[in-house]
Amino acid sequence: MIVRFLSVLCVGVFLTAVYGAEGNNNEEIPYLELDEPDEGYHGLIKENETLVEVTPPIRARGPLCSFLILNNIHHGEAPFEIMVIDENEARLRVRYPLNCEKRRNYKFDIAAVGCDGSYSNTVPVHITVTDVNEYAPVFSQSAYVKTVDEGRIYDEILRVEATDKDCTPRYGDVCKYEILTDRSQPFTINVEGVIRNTEPLDYEKSHNHILSVVAYDCGMMQSTPVMVTIKVNKPCRAGWKGVAERVDYAPGTGPLALFPAARLETCSSDERCPGVTRIQAAVSLQASRVGSGCDRDTYSLHSQRTICGLDPKTIDLLPSPGAGNEWAKSLKPDSGRDGEQMFEFDGETTSAIVPESVLPHSLTSSFSISTWMRHAPPADGDKHRKEHVLCLADDHKMNRHHYALFVRNCRLILLLRRDFGEGDLNIFRPAEWRWKIPEVCDNEWHHYALNIRFPNVDLFIDGEPYRSLDGKGPEVIDDWPLHPAHGVNTTLVVGACWQGTEKDMKHHLRGWLAGLGVLRGAAQPSHALSCLARCREGLSLAPDLYLKSVSVEGDGVADVETLLRRVAYGDARAFPTPGRRNVHVATTITCDNGRIIKARPAESYIMVLAPQTPSILLNGSADVARDYAHFRAGLTVFPDLGVSVRAAPAHPLADENQKLDSCVVSVYPALNPDHEALSLRAAADLPLRYDIRAAVTRDGVILTGADTVHNYQKVLREIEYSNKKPAYYLNRVFKLTCSELNGRFTSNEYVQTLTVVHPHMSAANEVASRELPSGIADKADVARESVPDRGHAHGHAVAPRVYAAHAQRDAHAADVPAPRLIDLRPEQSANHVALLIGVVAVGVVVLAAGVGVARTRRSPRAPAAPRARHVDSEMAWDDSALTITVNPMEESVPSCGTHVNAADSSDGESCSDSDSEHHDSSDEDDEVMPNKQHKYRNISQLEWDNSTM
Numbered sequence: 001m002i003v004r005f006l007s008v009l010c011v012g013v014f015l016t017a018v019y020g021a022e023g024n025n026n027e028e029i030p031y032l033e034l035d036e037p038d039e040g041y042h043g044l045i046k047e048n049e050t051l052v053e054v055t056p057p058i059r060a061r062g063p064l065c066s067f068l069i070l071n072n073i074h075h076g077e078a079p080f081e082i083m084v085i086d087e088n089e090a091r092l093r094v095r096y097p098l099n100c101e102k103r104r105n106y107k108f109d110i111a112a113v114g115c116d117g118s119y120s121n122t123v124p125v126h127i128t129v130t131d132v133n134e135y136a137p138v139f140s141q142s143a144y145v146k147t148v149d150e151g152r153i154y155d156e157i158l159r160v161e162a163t164d165k166d167c168t169p170r171y172g173d174v175c176k177y178e179i180l181t182d183r184s185q186p187f188t189i190n191v192e193g194v195i196r197n198t199e200p201l202d203y204e205k206s207h208n209h210i211l212s213v214v215a216y217d218c219g220m221m222q223s224t225p226v227m228v229t230i231k232v233n234k235p236c237r238a239g240w241k242g243v244a245e246r247v248d249y250a251p252g253t254g255p256l257a258l259f260p261a262a263r264l265e266t267c268s269s270d271e272r273c274p275g276v277t278r279i280q281a282a283v284s285l286q287a288s289r290v291g292s293g294c295d296r297d298t299y300s301l302h303s304q305r306t307i308c309g310l311d312p313k314t315i316d317l318l319p320s321p322g323a324g325n326e327w328a329k330s331l332k333p334d335s336g337r338d339g340e341q342m343f344e345f346d347g348e349t350t351s352a353i354v355p356e357s358v359l360p361h362s363l364t365s366s367f368s369i370s371t372w373m374r375h376a377p378p379a380d381g382d383k384h385r386k387e388h389v390l391c392l393a394d395d396h397k398m399n400r401h402h403y404a405l406f407v408r409n410c411r412l413i414l415l416l417r418r419d420f421g422e423g424d425l426n427i428f429r430p431a432e433w434r435w436k437i438p439e440v441c442d443n444e445w446h447h448y449a450l451n452i453r454f455p456n457v458d459l460f461i462d463g464e465p466y467r468s469l470d471g472k473g474p475e476v477i478d479d480w481p482l483h484p485a486h487g488v489n490t491t492l493v494v495g496a497c498w499q500g501t502e503k504d505m506k507h508h509l510r511g512w513l514a515g516l517g518v519l520r521g522a523a524q525p526s527h528a529l530s531c532l533a534r535c536r537e538g539l540s541l542a543p544d545l546y547l548k549s550v551s552v553e554g555d556g557v558a559d560v561e562t563l564l565r566r567v568a569y570g571d572a573r574a575f576p577t578p579g580r581r582n583v584h585v586a587t588t589i590t591c592d593n594g595r596i597i598k599a600r601p602a603e604s605y606i607m608v609l610a611p612q613t614p615s616i617l618l619n620g621s622a623d624v625a626r627d628y629a630h631f632r633a634g635l636t637v638f639p640d641l642g643v644s645v646r647a648a649p650a651h652p653l654a655d656e657n658q659k660l661d662s663c664v665v666s667v668y669p670a671l672n673p674d675h676e677a678l679s680l681r682a683a684a685d686l687p688l689r690y691d692i693r694a695a696v697t698r699d700g701v702i703l704t705g706a707d708t709v710h711n712y713q714k715v716l717r718e719i720e721y722s723n724k725k726p727a728y729y730l731n732r733v734f735k736l737t738c739s740e741l742n743g744r745f746t747s748n749e750y751v752q753t754l755t756v757v758h759p760h761m762s763a764a765n766e767v768a769s770r771e772l773p774s775g776i777a778d779k780a781d782v783a784r785e786s787v788p789d790r791g792h793a794h795g796h797a798v799a800p801r802v803y804a805a806h807a808q809r810d811a812h813a814a815d816v817p818a819p820r821l822i823d824l825r826p827e828q829s830a831n832h833v834a835l836l837i838g839v840v841a842v843g844v845v846v847l848a849a850g851v852g853v854a855r856t857r858r859s860p861r862a863p864a865a866p867r868a869r870h871v872d873s874e875m876a877w878d879d880s881a882l883t884i885t886v887n888p889m890e891e892s893v894p895s896c897g898t899h900v901n902a903a904d905s906s907d908g909e910s911c912s913d914s915d916s917e918h919h920d921s922s923d924e925d926d927e928v929m930p931n932k933q934h935k936y937r938n939i940s941q942l943e944w945d946n947s948t949m
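Residues in the sequence shown are numbered consecutively from 1, following full-length UniProt numbering.
Where hints are given, some of them may not hold.
[Said to hold, decoys possible] The calculated label-pair distances, taken between Cβ atoms and stated as ranges, are:
#: 1; residue 1: P759; residue 2: D674; range: 21 to 31 Å
#: 2; residue 1: L545; residue 2: E161; range: 52 to 62 Å
#: 3; residue 1: L545; residue 2: S468; range: 23 to 33 Å
#: 4; residue 1: L180; residue 2: G579; range: 54 to 64 Å
Simulated from the structure, these hints should not be mistaken for lab results. Note that the structure is a prediction, hence the values are computed from the model and not measured. Just so it is clear, CB atoms sit at the ideal spot from N, CA and C, and this is done for glycine as well.
With the sequences and hints as input, model every part of the structure.
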């Protein structure tokens with residue numbers, strides 16, 4: 001094709017040159033008639049047409065057979081062809097429909113071809129494809145959404161844009177936009193597609209405005225409508241976003257980030273704050289409660305003092321009302337949790353006078369006062385109202401306050417007037433220290449401690465030394481020493497102050513107190529005060545750091561967001577109290593123009609989940625049998641006791657987490673102090689060795705104080721029981737329970753039985769026991785303890801066979817029945833069992849003989865009545881020389897029965913001994929036949945029945 005094209009082109013050039021040389025006078029060669037051959041032909045054709053309108057028309061002179069289209073190599077093949085209409089004119093048409101959007105212009109050359117094969121000159125042809133409006137405008141987005149603030153008029157809310165695929169501006173350009181929706185909508189759109197509002201938008205009237213917008217091209221072809229949604233917002237207010245409402249914390253998992261996705265909205269679009277120069281955010285944890293800083297009470301206040309190493313000489317001025325603390329009965333402990341020893345003061349009547357026997361009223365030059373306090377401003381706003389925590393004043397005649405700790409106008413004030421004998425009466429000395437601190441009136445629990453080394457006074461708040469912002473310290477007021485006053489004593493009051501002239505209390509405290517203590521002659525160690533208020537639960541930015549509040553600040557939003565995302569919550573204790581902890585975030589934004597904006601507070605809360613309940617296990621041998629000698633000398637109650645704490649089955653806790661704070665050993669019925677006792681080895685040294693206190697009573701032993709399981713186990717194994725008269729007992733049962741965390745977790749009940757091993761009776765005694773009623777047989781066993789075995793002296797020694805009495809857990813002593821017989825003669829020696837058997841046998845024989853004689857004399861041939869009465873008197877039983885001894889031990893242990901001589905009681909034991917030791921478990925028939933009377937109660941059959949004599 002290219003070769004043909006080149007050949008034809010060469011021919012054409014050659015012919016043109018020839019004809020030009022000859023002046024075009026050769027009429028045998030075709031020639032294209034054109035006034036300006038260099039301009040060529042120009043044609044227009046519509047996309048949907050086939051014939052091209054060529055200007056000027058294509059004409060040729062000379063012998064013409066056809067026209068030749070010469071394609072330009074740079075413009076490609078032309079999709080046209082020339083049709084010869086007559087011998088001199090031709091038309092141009094397309095071979096297939098053209099598309100203006102693909103190609104709009106074409107350029108090629110044409111030449112006329114004679115019948116003899118000659119070619120005319122070549123002329124360029126320029127064809128332009130005319131556009132047809134076949135496409136409608138199309139929007140660049142399927143829908144538009146924009147959010148605006150209410151109350152503002154915008155020059156441009158948003159811009160919509162549509163395009164047209166047509167190739168010419170006439171049909172390819174968008175000339176108009178229109179809003180088709182209700183004309184009442186306060187919006188307009190211009191030819192550029194910019195939508196704006198004509199009046200301020202109101203969020204209350206409409207949250208959203210939905211518009212339908214169309215576009216028109218310049219041929220007025222309309223597009224498909226597009227939906228435009230305009231959302232209305234309330235005025236922007238700076239605040240945090242992405243803060244979770246609730247965060248769950250599992251104990252033992254370590255620090256937990258509270259705000260991992262927090263974002264700060266500063267409302268930079270607000271004209272009132274065009275830029276930000278400083279941002280401050282304060283995060284506070286609101287979970288404080290008395291006794292443990294940020295968390296609720298874990299150990300009792302006394303245990304905390306012991307754990308933290310507070311001076312043991314500290315005197316508690318807020319004890320639990322009860323025995324020994326009658327002076328504190330007017331105080332009001334927290335009814336919900338008495339263990340916390342929280343006391344409410346109503347500001348009107350609640351107060352307590354402290355006896356001088358509890359705390360000497362005169363304090364030395366060095367002393368310390370510490371207390372937990374929760375206080376709020378007075379409801380009436382009275383700035384001059386005084387509320388006393390502690391006050392020492394004259395008891396009558398005068399109202400001088402010697403020393404006091406009180407609150408006035410949200411200031412903590414210490415008053416300390418020197419006595420006339422402690423300095424020159426003409427020299428001013430510091431007498432009043434005033435601290436203005438916000439903690440006094442924030443209605444939250446705080447720990448306050450004052451260490452006085454006159455004239456220096458140090459204040460500790462929540463375990464930290466107080467430092468004022470200006471560094472000046474407290475306001476100090478000087479005063480004269482007190483003048484001497486004869487015959488005037490003092491009254492020390494907690495919660496108010498005594499007015500001596502009015503004989504009444506005034507200046508009552510309205511608030512809560514706990515753990516009020518005074519130490520005379522020394523100051524509390526600072527590390528102990530820090531420990532008391534130390535919080536192992538809190539917010540942190542670093543490990544092992546627990547704070548009530550954390551503040552972050554930065555110059556930009558990104559800096560503050562990064563810091564806030566690092567704020568974490570943690571609790572280092574193994575068993576934190578489950579429940580809710582509130583978290584509050586307060587943010588302040590400083591703008592470029594100096595304006596300060598407070599952002600919306602962010603609120604969240606931490607839900608501390610319940611920890612896995614630990615198990616306190618007590619184990620050891622349940623029964624221990626010992627003979628009389630061991631009981632008399634004293635034996636350990638829990639010789640092989642084992643104590644362990646496990647967080648889960650077969651998972652013991654670490655040693656530092658294995659702690660107990662209470663163990664109770666109980667015995668029922670109560671011990672008889674005449675011959676029974678419980679004791680602790682080296683009890684006097686117990687507070688020096690461990691943080692454990694012991695209280696021993698008739699009912700058992702109570703151990704208190706937070707200490708390790710190992711130490712508790714050692715102390716429990718040192719508890720001893722002694723009994724000077726073990727023969728009266730079958731066994732003693734002791735019950736043990738332990739607990740930790742103020743009773744939150746309790747152990748199993750461990751029961752330890754101490755069984756008395758009684759010596760086995762001899763063969764002769766066994767026969768006698770079978771012949772005696774059961775009650776006397778039991779007492780005969782007792783006799784063998786105090787009477788030596790005489791058989792050994794006669795060479796009849798029998799190896800004693802030892803056996804253990806039947807152990808019954810709900811009975812603690814042998815049942816010794818009260819004797820029903822009276823000793824008719826002064827005390828005689830009757831300690832041998834054989835004598836007892838002989839006496840009883842003789843009595844039975846005499847009784848039988850008497851009964852026989854009586855029946856003989858009642859025969860039908862009985863004499864007259866007077867004679868019968870004489871015979872009866874002769875046959876009457878002569879008991880002047882007869883003694884019936886029921887219990888050979890009676891001379892040692894008298895019963896509660898009636899005795900002729902009160903001196904029969906050898907040791908003066910009370911009747912309660914036998915009353916408390918009333919039960920016996922040796923007769924198994926009682927268990928089989930519950931309706932059968934106990935064999936001991938049949939002892940009445942030994943009484944003399946003279947009803948028939």
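Going through the hints against the structure:
The hint said 21 to 31 Å for the Cβ distance between P759 and D674, and at roughly 23 Å that hint holds. A hinted range of 52 to 62 Å for the beta carbons of L545 and E161 is consistent with their spacing of about 56 Å. A hinted range of 23 to 33 Å for the beta carbons of L545 and S468 is consistent with their spacing of about 24 Å. Under the hint 54 to 64 Å, the C-beta atoms of L180 and G579, about 60 Å apart, fit the expected range.
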